[in-house]
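J.: Protein sequence lines correspond, in order, to chains A and B.
248 is the number that my numbering gives to position 248 of the first sequence; each next residue is one higher, with no gaps.
109 is the number that my numbering gives to position 109 of the second sequence; each next residue is one higher, with no gaps.
Rather than coming from a laboratory, the hints here were simulated on the basis of the structure.
A few of these clues could be false.
The calculated lysine-lysine pairs, modelled on DSBU-like cross-linking and capped at a C-alpha distance of 35 angstroms, are [to be verified]: (1) K290(B) <-> K36(B); (2) K216(B) <-> K87(B); (3) K156(A) <-> K216(B); (4) K36(A) <-> K87(A); (5) K216(B) <-> K156(B); (6) K36(B) <-> K87(A).
These numbers come from a predicted model, not from an experiment.
Protein chains: 2
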Amino acid sequence: MQPDLLRVAQRVEDVARVDYPFVSHLVLDLVRAGGKRLRPLVLLLAARAYEPDPEGLITAAAGVELLHTASLVHDDTVDRAALRRGKPTLNAVLSSGAVILLGDYLFAQSAILAAATNNPRVVGIFASALGDMCDGQLREMFYAHQLDQSRDDYEKRIYGKTAALFAGSAEMGALIGNAPEPHVRALRAYGSDIGMAFQIVDDVLDLREGEEQTGKPAGQDLRQGTVTLPTMLYAAQLAAESPEARRLEAIIGGDNDDEADITALIADVRTSGALDTALDVATGYAERAKVNAAIVPDPETRGMLEQLADLAWNRQT
Amino acid sequence: MQPDLLRVAQRVEDVARVDYPFVSHLVLDLVRAGGKRLRPLVLLLAARAYEPDPEGLITAAAGVELLHTASLVHDDTVDRAALRRGKPTLNAVLSSGAVILLGDYLFAQSAILAAATNNPRVVGIFASALGDMCDGQLREMFYAHQLDQSRDDYEKRIYGKTAALFAGSAEMGALIGNAPEPHVRALRAYGSDIGMAFQIVDDVLDLREGEEQTGKPAGQDLRQGTVTLPTMLYAAQLAAESPEARRLEAIIGGDNDDEADITALIADVRTSGALDTALDVATGYAERAKVNAAIVPDPETRGMLEQLADLAWNRQT
Numbered sequence: 001m002q003p004d005l006l007r008v009a010q011r012v013e014d015v016a017r018v019d020y021p022f023v024s025h026l027v028l029d030l031v032r033a034g035g036k037r038l039r040p041l042v043l044l045l046a047a048r049a050y051e052p053d054p055e056g057l058i059t060a061a062a063g064v065e066l067l068h069t070a071s072l073v074h075d076d077t078v079d080r081a082a083l084r085r086g087k088p089t090l091n092a093v094l095s096s097g098a099v100i101l102l103g104d105y106l107f108a109q110s111a112i113l114a115a116a117t118n119n120p121r122v123v124g125i126f127a128s129a130l131g132d133m134c135d136g137q138l139r140e141m142f143y144a145h146q147l148d149q150s151r152d153d154y155e156k157r158i159y160g161k162t163a164a165l166f167a168g169s170a171e172m173g174a175l176i177g178n179a180p181e182p183h184v185r186a187l188r189a190y191g192s193d194i195g196m197a198f199q200i201v202d203d204v205l206d207l208r209e210g211e212e213q214t215g216k217p218a219g220q221d222l223r224q225g226t227v228t229l230p231t232m233l234y235a236a237q238l239a240a241e242s243p244e245a246r247r248l249e250a251i252i253g254g255d256n257d258d259e260a261d262i263t264a265l266i267a268d269v270r271t272s273g274a275l276d277t278a279l280d281v282a283t284g285y286a287e288r289a290k291v292n293a294a295i296v297p298d299p300e301t302r303g304m305l306e307q308l309a310d311l312a313w314n315r316q317t
Numbered sequence: 001m002q003p004d005l006l007r008v009a010q011r012v013e014d015v016a017r018v019d020y021p022f023v024s025h026l027v028l029d030l031v032r033a034g035g036k037r038l039r040p041l042v043l044l045l046a047a048r049a050y051e052p053d054p055e056g057l058i059t060a061a062a063g064v065e066l067l068h069t070a071s072l073v074h075d076d077t078v079d080r081a082a083l084r085r086g087k088p089t090l091n092a093v094l095s096s097g098a099v100i101l102l103g104d105y106l107f108a109q110s111a112i113l114a115a116a117t118n119n120p121r122v123v124g125i126f127a128s129a130l131g132d133m134c135d136g137q138l139r140e141m142f143y144a145h146q147l148d149q150s151r152d153d154y155e156k157r158i159y160g161k162t163a164a165l166f167a168g169s170a171e172m173g174a175l176i177g178n179a180p181e182p183h184v185r186a187l188r189a190y191g192s193d194i195g196m197a198f199q200i201v202d203d204v205l206d207l208r209e210g211e212e213q214t215g216k217p218a219g220q221d222l223r224q225g226t227v228t229l230p231t232m233l234y235a236a237q238l239a240a241e242s243p244e245a246r247r248l249e250a251i252i253g254g255d256n257d258d259e260a261d262i263t264a265l266i267a268d269v270r271t272s273g274a275l276d277t278a279l280d281v282a283t284g285y286a287e288r289a290k291v292n293a294a295i296v297p298d299p300e301t302r303g304m305l306e307q308l309a310d311l312a313w314n315r316q317t
């Protein structure tokens with residue numbers, strides 16, 4: 001996939017070139033820093049066993065990568081994050097107004113790429129993935145600081161935040177590959193499941209790893225009042241009104257930002273088994289993804305899809 | 001057009017219904033407050049003389065109105081505006097993070113509407129109008145506080161900021177109406193020209209009218225360092241290094257925010273004739289729009305297009 005991924009990266013760079021003073025190199029740095037480029041990879045893999053139009057494929061893959069980048073730009077502004085991909089965020093060096101407009105600009109360029117596929121179904125999937133992503137982010141914001149959330153609330157939230165674009169990427173790839181309809185559906189489900197697995201593992205890593213591994217102190221989600229699966233599993237073990245339950249409530253509620261208490265809470269979550277249980281849930285999603293990948297006729301492509309599903313749960317960063 | 005515009009307003013309300021605590025009524029208030037709904041009107045008028053699919057037409061018209069609303073939400077955040085359409089902006093009552101995400105959500109819903117037309121050309125026009133709008137806003141931001149701009153810089157900027165979506169709306173309407181290709185082109189040009197006229201008149205009103213008329217003190221553009229056509233025309237009359245030239249330079253440059261100086265500058269612009277000259281430029285655009293509207297076969301529709309062109313330059317708010 002490497003040559004195709006390089007073409008995608010090149011296309012993303014081409015459309016991210018902006019012509020305004022001060023910011024052109026910032027935007028270029030941002031897209032060049034890349035990331036794992038998982039979404040275009042899923043899109044390319046979903047098409048690989050079929051007969052895709054190569055041009056449409058690269059265009060759509062660049063579109064999903066740019067959509068993801070645009071969403072990161074806005075998320076970093078919302079979260080006031082200072083670092084992303086090991087570099088200062090746009091947010092750290094520009095006014096929030098400039099970052100909002102640059103994020104919008106990248107959204108627009110991603111929409112232009114989606115439209116350039118000239119495939120109404122692809123465009124529809126792209127637009128609804130964008131809608132789901134916004135829904136996921138809004139849920140994260142408006143349900144922050146509330147410990148009493150159901151597993152269903154959590155799943156809806158991370159589906160929107162992460163899995164929707166993985167699902168859409170796989171579906172777009174399969175469609176551009178002219179895969180038979182049952183294959184399109186199975187690959188969409190594959191994408192959704194690995195997206196869920198990736199996000200759950202992200203939520204585990206946020207608690208399991210420290211600054212050396214992820215570049216951020218452990219427990220960012222706790223600090224922001226975002227309730228994730230490991231936190232939910234840990235909370236379910238606590239007796240009502242116990243000191244541990246009250247501490248968790250206060251930290252998630254934003255009423256306690258004492259570093260010692262947060263560190264103690266993280267240590268308790270780590271020893272509670274909640275991280276392993278959450279990883280098991282992620283592994284379950286990855287396994288289901290592999291079952292869906294079994295529909296793909298070409299064994300080499302199938303193997304790559306399986307590898308990616310394993311990477312979703314078995315990783316350190 | 002009234003029944004169709006009401007259907008558009010209803011469709012916009014339907015998709016703007018959000019399901020998050022606190023904000024659902026804010027978003028609904030925002031879209032209900034409406035505005036002049038000029039963009040959907042242009043879209044509907046451009047289709048009126050032909051044979052549009054009514055469903056696709058309402059969907060696309062709701063899409064452009066919602067895209068415009070989404071852009072206002074982000075612009076108000078960028079400008080830190082407190083009022084819009086006579087009500088507090090979202091920005092005045094929510095965190096900037098929430099407003100960014102709600103604006104993104106409205107963008108997403110508008111893209112979903114555009115995609116639902118199932119017409120690749122309509123989607124392409126929609127996406128590039130969005131791209132041009134972002135470009136216009138970024139130009140306004142990154143070229144703020146610079147007096148040495150050409151007329152061409154100004155025109156590019158207001159084309160992106162305003163005319164691109166008018167042009168796109170007219171083009172989408174004509175396409176959905178299955179108008180012949182030369183009609184599609186002429187109607188696109190019509191939309192672009194009335195968009196230019198509307199924006200130039202906005203720029204004149206910003207200097208000509210005070211708080212009673214527009215709800216904002218006169219000279220907001222000067223205060224924000226935005227160089228508009230009347231300011232350019234006034235600047236062209238001043239001798240280099242004259243006290244008036246230095247005052248203008250300092251105010252646009254953001255180095256002088258003295259109210260008395262700003263008031264004196266506005267008074268000088270008003271008596272300089274620059275406002276009338278700028279209005280003449282707007283009228284020129286409106287006249288050219290009417291020439292393009294002449295291609296429309298149905299006299300009633302043509303009359304409505306001409307009326308709208310006149311409204312673009314001949315209005316108080």
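J.: Against this structure, judge whether each hint is valid.
T.: Hint check results:
1. K290(B) <-> K36(B): OK: K290(B) and K36(B) at ~20 angstroms, within 35 angstroms.
2. K216(B) <-> K87(B): Between K216(B) and K87(B) the Cα gap is close to 12 angstroms, so the pair holds against 35 angstroms.
3. K156(A) <-> K216(B): violated (42 angstroms)
4. K36(A) <-> K87(A): holds (15 angstroms)
5. K216(B) <-> K156(B): OK: K216(B) and K156(B) at ~26 angstroms, within 35 angstroms.
6. K36(B) <-> K87(A): Outside the cut-off at roughly 44 angstroms; violated.
Consistency note: the structure conflicts with the earlier hints numbered 3, 6.
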